[in-house]
Amino acid sequence: MSLFSRHLPDTDIIAGIRLGGLTRTSAENRLYTKYLSFIRSGVRKHQLSEDDCATAYADAVLAVIEHIGNGRFEGKSELKTYLYQIFTNKCVDLIRKKTTNRQQVHNAVSLDDTFLQLPDPARSVVQQLMEQAEQERLHQQLRNLGDKCQQMLLAWGEGYSDEEIAQRMGYNTSSVAKTSRLRCLERLREAYNLTKK
Numbered sequence: 035m036s037l038f039s040r041h042l043p044d045t046d047i048i049a050g051i052r053l054g055g056l057t058r059t060s061a062e063n064r065l066y067t068k069y070l071s072f073i074r075s076g077v078r079k080h081q082l083s084e085d086d087c088a089t090a091y092a093d094a095v096l097a098v099i100e101h102i103g104n105g106r107f108e109g110k111s112e113l114k115t116y117l118y119q120i121f122t123n124k125c126v127d128l129i130r131k132k133t134t135n136r137q138q139v140h141n142a143v144s145l146d147d148t149f150l151q152l153p154d155p156a157r158s159v160v161q162q163l164m165e166q167a168e169q170e171r172l173h174q175q176l177r178n179l180g181d182k183c184q185q186m187l188l189a190w191g192e193g194y195s196d197e198e199i200a201q202r203m204g205y206n207t208s209s210v211a212k213t214s215r216l217r218c219l220e221r222l223r224e225a226y227n228l229t230k231k
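For the sequence shown, the working numbering puts the final residue at 231, and the numbers step up evenly by one.
Simulated from the structure, these hints should not be mistaken for laboratory data.
One thing to keep in mind: the hints can contain errors.
Simulated crosslink set (DSS-like; lysine-lysine; CA at most 25 Å straight-line) [unchecked claim]:
# : residue 1 : residue 2
1 : K68       : K110
2 : K79       : K68
3 : K79       : K114
4 : K131      : K79
5 : K68       : K114
6 : K132      : K79
Computed beta-carbon distance windows for the label pairs [to be verified]:
#  : residue 1 : residue 2 : range
7  : R171      : D46       : 41 to 51 Å
8  : P43       : E170      : 44 to 54 Å
9  : E197      : S83       : 14 to 24 Å
10 : S83       : T57       : 30 to 40 Å
11 : T57       : K114      : 12 to 22 Å
Remember, it's a predicted structure, so these values are computed and weren't measured experimentally.
Just so you know, even glycine gets a beta-carbon here, dropped at the ideal spot from N, CA and C.
Based on the sequences and whatever the hints tell you, model everything.
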């Protein structure tokens, strides 16, 4: 992507998203790359990891694209300001979520004493059955994510880099592929954790 495309006026990006088709795809990619610096500022401001900020940024961009498409974004503020506000909210949501998860870890129940009292061979059989059930649950949640996420996460699991995934799946850049992968991973983690409750 050229330096010029990053500096495409926001009005052209908005118009492109509203047009649809290939123009929309191009405009979406330009919006994504234009404000990538938000990720670094999110790391500094919110003290989140780069991966967390990249996920928040990708979610914010997707929300803005949806708002432009359905008319919710009315242009009363600049696109950059609108995107930054949503990005900030996503970061705050992540911070809240992490805080809640930390509290849940402290309230975790220890392994059942009866399981620990089983003789070694019986314990390993029970453990294998538990692991099989966990794997099946994980595979089921992976299937529920849809083909694109499933292909991406399986490729990543097989050791393909984000650049290779981008080429295989038609993403413009490895950073777009990485953000999509992180979103898929987060969706998988959430779905998997819900089935454990």
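We went through each hint and held it up to the structure:
{"no.": "1", "hint": "K68 with K110", "in the structure": "holds, 20 Å"}
{"no.": "2", "hint": "K79 with K68", "in the structure": "holds, 19 Å"}
{"no.": "3", "hint": "K79 with K114", "in the structure": "holds, 17 Å"}
{"no.": "4", "hint": "K131 with K79", "in the structure": "holds, 17 Å"}
{"no.": "5", "hint": "K68 with K114", "in the structure": "holds, 9 Å"}
{"no.": "6", "hint": "K132 with K79", "in the structure": "holds, 16 Å"}
{"no.": "7", "hint": "R171 with D46: 41 to 51 Å", "in the structure": "holds, 46 Å"}
{"no.": "8", "hint": "P43 with E170: 44 to 54 Å", "in the structure": "holds, 51 Å"}
{"no.": "9", "hint": "E197 with S83: 14 to 24 Å", "in the structure": "holds, 21 Å"}
{"no.": "10", "hint": "S83 with T57: 30 to 40 Å", "in the structure": "holds, 34 Å"}
{"no.": "11", "hint": "T57 with K114: 12 to 22 Å", "in the structure": "holds, 21 Å"}
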